[in-house]
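J.: Sequence:
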Amino acid sequence: EEWILTRGQVAILFASGARAVLEAPCVFTVSDDETLLLKSGQCSVHAPPGAEGFRVDTPTSRVVDLGTRFVVGVNITGETSLHVVDGAAA
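Residues in the sequence shown are numbered from 14 upward in steps of one, following the working numbering.
Careful, some of the hints might be misleading.
Ranges of calculated distance between the beta carbons of each label pair, as one might list FRET restraints [to be verified]: (1) Thr73 to Leu18: 30 to 38 Å; (2) Thr19 to Ala101: 27 to 35 Å; (3) Gly21 to Ala101: 28 to 36 Å; (4) Arg20 to Leu79: 15 to 23 Å; (5) Arg20 to Pro62: 29 to 37 Å; (6) Ile17 to Ala101: 27 to 35 Å; (7) Leu79 to Thr19: 27 to 35 Å.
Okay, derived cross-link-like pairs now, EDC-like style, lysine to aspartate or glutamate, Cα gap no bigger than 16 Å in a straight line [as the list claims (entries may be wrong)]: (8) Lys52 to Asp99; (9) Lys52 to Glu14; (10) Lys52 to Glu36; (11) Lys52 to Glu65; (12) Lys52 to Glu15.
Honestly, the hints are just simulated from the structure, not real lab data. For each residue, glycine too, the CB sits at the ideal point set by N, CA and C.
Between the sequences and the hints, there should be enough to build the whole structure, so can you do that?
T.: What follows is the structure, given as structure tokens:
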């Protein structure tokens, strides 16, 4: 199911313990227990030990957590940006 966030923020806690905070405006889908599809907008992710492998898929890339905090942004053309705050992501 596709979600459109027009105001505010929403936090999603995944089964692995990964936590994604999405900020409006954004369009996203929770693909499965370990994958967030971010079609547009921005999200920050904290994946603590045990949540390695959590993914954020975008229209142009796939970000795989390797035990970290990171921020993913997708602009209106689908271009993706990644900023690793702590740890590593591929």
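J.: Now tell me if each hint is right for this structure.
T.: Hints versus structure:
no. : hint                        : in the structure
1   : Thr73 to Leu18: 30 to 38 Å  : violated, 20 Å
2   : Thr19 to Ala101: 27 to 35 Å : holds, 33 Å
3   : Gly21 to Ala101: 28 to 36 Å : holds, 30 Å
4   : Arg20 to Leu79: 15 to 23 Å  : violated, 33 Å
5   : Arg20 to Pro62: 29 to 37 Å  : holds, 33 Å
6   : Ile17 to Ala101: 27 to 35 Å : holds, 31 Å
7   : Leu79 to Thr19: 27 to 35 Å  : holds, 32 Å
8   : Lys52 to Asp99              : violated, 24 Å
9   : Lys52 to Glu14              : holds, 12 Å
10  : Lys52 to Glu36              : holds, 13 Å
11  : Lys52 to Glu65              : violated, 22 Å
12  : Lys52 to Glu15              : holds, 9 Å
When held up to the earlier numbered hints, the structure conflicts with 1, 4, 8, 11 and fits the remainder.
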